[in-house]
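2 protein chains.
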Amino acid sequence: MVPHLITALTGPINELEQRMLDAMPAIERWFRLEWMEHTPPIYASAHLRNAGFKLAPVNTNLFPRGWNYLAEDMLPLAVQAAMAAIEKICPEARNLLIIPENHTRTPSYLANVVQLQRIFQRAGLNVRVGSIDPGVKKTERIELPNGDSVVLEPVIRTGGRLGLKHFDPCTILLNNELATGTPGILEDLYEQYLLPPLHAGATVRRKSTHFKCYEEVAKRFGKMLGIDHWLIHPISALCADVDWAQGQGIERLQSEVDALLAKVRRKYKEYGIHEKPFVILKADQGSYSTGAMPVHDAKELEALGRKARSKMAVTKDGLPVQAVLIQEGVSTQERVHEAVAEPVVYMMDRYVIGGVYRVHPERSMNENLNAPGASFVPLAFAHSTQMPQPGMRPGTSAPNRFYMYGVVARLAMLASSYELEATDPNAEVYD
Amino acid sequence: MVPHLITALTGPINELEQRMLDAMPAIERWFRLEWMEHTPPIYASAHLRNAGFKLAPVNTNLFPRGWNYLAEDMLPLAVQAAMAAIEKICPEARNLLIIPENHTRTPSYLANVVQLQRIFQRAGLNVRVGSIDPGVKKTERIELPNGDSVVLEPVIRTGGRLGLKHFDPCTILLNNELATGTPGILEDLYEQYLLPPLHAGATVRRKSTHFKCYEEVAKRFGKMLGIDHWLIHPISALCADVDWAQGQGIERLQSEVDALLAKVRRKYKEYGIHEKPFVILKADQGSYSTGAMPVHDAKELEALGRKARSKMAVTKDGLPVQAVLIQEGVSTQERVHEAVAEPVVYMMDRYVIGGVYRVHPERSMNENLNAPGASFVPLAFAHSTQMPQPGMRPGTSAPNRFYMYGVVARLAMLASSYELEATDPNAEVYD
Numbered sequence: 010m011v012p013h014l015i016t017a018l019t020g021p022i023n024e025l026e027q028r029m030l031d032a033m034p035a036i037e038r039w040f041r042l043e044w045m046e047h048t049p050p051i052y053a054s055a056h057l058r059n060a061g062f063k064l065a066p067v068n069t070n071l072f073p074r075g076w077n078y079l080a081e082d083m084l085p086l087a088v089q090a091a092m093a094a095i096e097k098i099c100p101e102a103r104n105l106l107i108i109p110e111n112h113t114r115t116p117s118y119l120a121n122v123v124q125l126q127r128i129f130q131r132a133g134l135n136v137r138v139g140s141i142d143p144g145v146k147k148t149e150r151i152e153l154p155n156g157d158s159v160v161l162e163p164v165i166r167t168g169g170r171l172g173l174k175h176f177d178p179c180t181i182l183l184n185n186e187l188a189t190g191t192p193g194i195l196e197d198l199y200e201q202y203l204l205p206p207l208h209a210g211a212t213v214r215r216k217s218t219h220f221k222c223y224e225e226v227a228k229r230f231g232k233m234l235g236i237d238h239w240l241i242h243p244i245s246a247l248c249a250d251v252d253w254a255q256g257q258g259i260e261r262l263q264s265e266v267d268a269l270l271a272k273v274r275r276k277y278k279e280y281g282i283h284e285k286p287f288v289i290l291k292a293d294q295g296s297y298s299t300g301a302m303p304v305h306d307a308k309e310l311e312a313l314g315r316k317a318r319s320k321m322a323v324t325k326d327g328l329p330v331q332a333v334l335i336q337e338g339v340s341t342q343e344r345v346h347e348a349v350a351e352p353v354v355y356m357m358d359r360y361v362i363g364g365v366y367r368v369h370p371e372r373s374m375n376e377n378l379n380a381p382g383a384s385f386v387p388l389a390f391a392h393s394t395q396m397p398q399p400g401m402r403p404g405t406s407a408p409n410r411f412y413m414y415g416v417v418a419r420l421a422m423l424a425s426s427y428e429l430e431a432t433d434p435n436a437e438v439y440d
Numbered sequence: 010m011v012p013h014l015i016t017a018l019t020g021p022i023n024e025l026e027q028r029m030l031d032a033m034p035a036i037e038r039w040f041r042l043e044w045m046e047h048t049p050p051i052y053a054s055a056h057l058r059n060a061g062f063k064l065a066p067v068n069t070n071l072f073p074r075g076w077n078y079l080a081e082d083m084l085p086l087a088v089q090a091a092m093a094a095i096e097k098i099c100p101e102a103r104n105l106l107i108i109p110e111n112h113t114r115t116p117s118y119l120a121n122v123v124q125l126q127r128i129f130q131r132a133g134l135n136v137r138v139g140s141i142d143p144g145v146k147k148t149e150r151i152e153l154p155n156g157d158s159v160v161l162e163p164v165i166r167t168g169g170r171l172g173l174k175h176f177d178p179c180t181i182l183l184n185n186e187l188a189t190g191t192p193g194i195l196e197d198l199y200e201q202y203l204l205p206p207l208h209a210g211a212t213v214r215r216k217s218t219h220f221k222c223y224e225e226v227a228k229r230f231g232k233m234l235g236i237d238h239w240l241i242h243p244i245s246a247l248c249a250d251v252d253w254a255q256g257q258g259i260e261r262l263q264s265e266v267d268a269l270l271a272k273v274r275r276k277y278k279e280y281g282i283h284e285k286p287f288v289i290l291k292a293d294q295g296s297y298s299t300g301a302m303p304v305h306d307a308k309e310l311e312a313l314g315r316k317a318r319s320k321m322a323v324t325k326d327g328l329p330v331q332a333v334l335i336q337e338g339v340s341t342q343e344r345v346h347e348a349v350a351e352p353v354v355y356m357m358d359r360y361v362i363g364g365v366y367r368v369h370p371e372r373s374m375n376e377n378l379n380a381p382g383a384s385f386v387p388l389a390f391a392h393s394t395q396m397p398q399p400g401m402r403p404g405t406s407a408p409n410r411f412y413m414y415g416v417v418a419r420l421a422m423l424a425s426s427y428e429l430e431a432t433d434p435n436a437e438v439y440d
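Chains A and B, in that order, are what the protein sequence lines are. Residue numbers for the first sequence follow this note's numbering, beginning at 10 and rising by one. Residue numbers for the second sequence follow this note's numbering, beginning at 10 and rising by one.
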């Protein structure tokens, strides 16, 4: 099930969307059975791009922030999903510790932390916020402009457990993508549930592994639905050992880009799409907020100036880029107030609980919207005026145009489950 | 977790309510652990009475109707709860059959059926409606005034399975309280999930057993919370072998009523309550919509006229009343537009998903509101204007005054789990 949110889609429903709407019971059953075999991450947000002819995830964030941007109506859904997650993970849970980003102190990020705290409090836990930033040495209350406040406490490591003064959590929720690597203070916490696990951290995770898993998921889903999985999947390739600074590996990268563009061109021809294909280059490792570069022609890489190259050479957090993910570019057809927009779907456990549009008025439909100037617009819940129409069959009258977003986002969530299973360093323990 | 609905409560928060609000994490954890041991019924509605000094359930309906009266915002919550229920009961489910009441064809009842169908459809099932009324011989589409329509099909029994033409459900949802007894067509369906089970039917279930289980639940909960369980429990007693028509057993009933009134009087004295105690007499078996009679003095029973007695002698469905449940009356302090109101809390699986007020402008605070002239007012979700107040701690600012209703309603749900376990005719099979 996907809540009925109002999307910016007003055009006719195309074949892909109609196929998903018609197959809703089969799709939901398919997910139910998948979740029996694969445990979803505690939470995730999937960034989607809808080109009209295809709809694909372009990244899956396992440390989602922006909970504060969601419509208020989603709160009960998030709480209910959090309850379901806790029941599975640790029904005896009393205390939950949230670990936020180390240095981010913007009011919007802290409002996100407050919202997460609120969700898990209402799910019936004592929730406190502990920083693993070594600079945080004493408890601090930070007031936010909206009237909320957050109390940030220094964490205390005692043997195999992490906690706060007089607070021993059974579950630790990471809202810190660990962009500079895995801190020792989080290692070997075998007595507590650490969610998501350390191998979901930004320096450990590889986007290429995620998209390989996503391709597998998309193929299986496509087979069930009877569609070409390309319609929901961005073709991806990995180019290892690229040294942007020294200019090494660039030729290899060019030929890989050429090869991928050729594949996309064939697909465009097959479907009669008259657009110019492009790819996006991203660092395979490192934070999702690291710059992504659109490339329409491999030759562009030769002409790259020193500035552009040095921008690609390190991640946002200063780590050197070695492997480059080449990903089919998916343009976005959606507009909110005439600005280019891409939907971001929020999930808690296996449930879709809300969505926002990331909007950037100064970017074009082929560009990355994760850039200064972007803003977020919550997707509202559809209300009765949009709901059943007289004379229509119940449930079919006003189609839920958010549904397909909820489906593709959950495919990305499922791919993350596959990914975390495949990369679990302790996997053999459970075999 | 209980969604934040707007109640009619505007007075100060009393001690009981404050205790529940403060203990929220402990209460939620207590429920989580209880639900590990006891499976909740698929759905239920709990009718509560709030006297100010005490809050108690007065009946727990295991075949709840009125889903159409709930606020529209609750739909996603109900769908998410239905998904969680299906995942536990039968994750492979494709088809669900709803069995409605046999003879009720009012638009409001059918709108309730449509809403249930919608909830389970959105949870990812193919849902059809099959009547077990032998009079329904062919498929019929009934149009409702609101533009919805419902297709009613005759059920087909084939060996050990029940279904429709070309429709073989794995789960059957009863929205029929089986007020005239268990029909043979529903017996021995060992291959399908029948929810709620047959021993929840109105002629099998005994209110006295439910309230005995409720007392056990209330005692355990009261101990955990450190409160006298009387504050959430209506004292009840059973008087067997009453023959209203012949006037037999009435004296015994009088002395039982006297004894119960004395108990209530002692409690009122203990708490300094200056109200006149009363009891409610109900048939121990039979539909919940069967008349309930308030009695302030056992002498009233002598003076009962023939008409009143013959009304008590048979249930709504014409079955003779034998055992009488004597229950402490709980007056209701709530008012909606100056009319006496009682909250009805809807639950799906273990989740509170919404509520309505049952309102009766012509009844007093001590009377049964289940009578002609009653209407339903949905409880709306609280929106941001009621939510966090500047300067207040998050989550504590605007107290959720629906919370205590959600707690007591879930205690009644839990008592139903105990009850159905204790009365399960096939229990030994699973031991």
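Do not rely on the hints blindly, as some may be mistaken.
Any copy will do: because identical chains look the same in the list, a pair fits if it lies in one copy or spans two.
DSSO-like, lysine-lysine: derived pairs with alpha carbons at most 30 Å apart [what the hints assert, rightly or not]: (1) K320 - K228; (2) K97 - K228; (3) K308 - K147; (4) K174 - K232; (5) K278 - K316; (6) K278 - K232; (7) K316 - K97; (8) K228 - K147; (9) K221 - K147; (10) K272 - K285; (11) K147 - K174; (12) K174 - K278; (13) K285 - K232; (14) K276 - K228; (15) K228 - K272; (16) K97 - K285; (17) K285 - K147.
Everything labelled a hint here was simulated from the structure, so no lab data went into it.
**Item:** Earlier hints that do not hold, by number
**Value:** Structure breaks hints 1, 3, 5, 7, 8, 9, 12, 16, 17.
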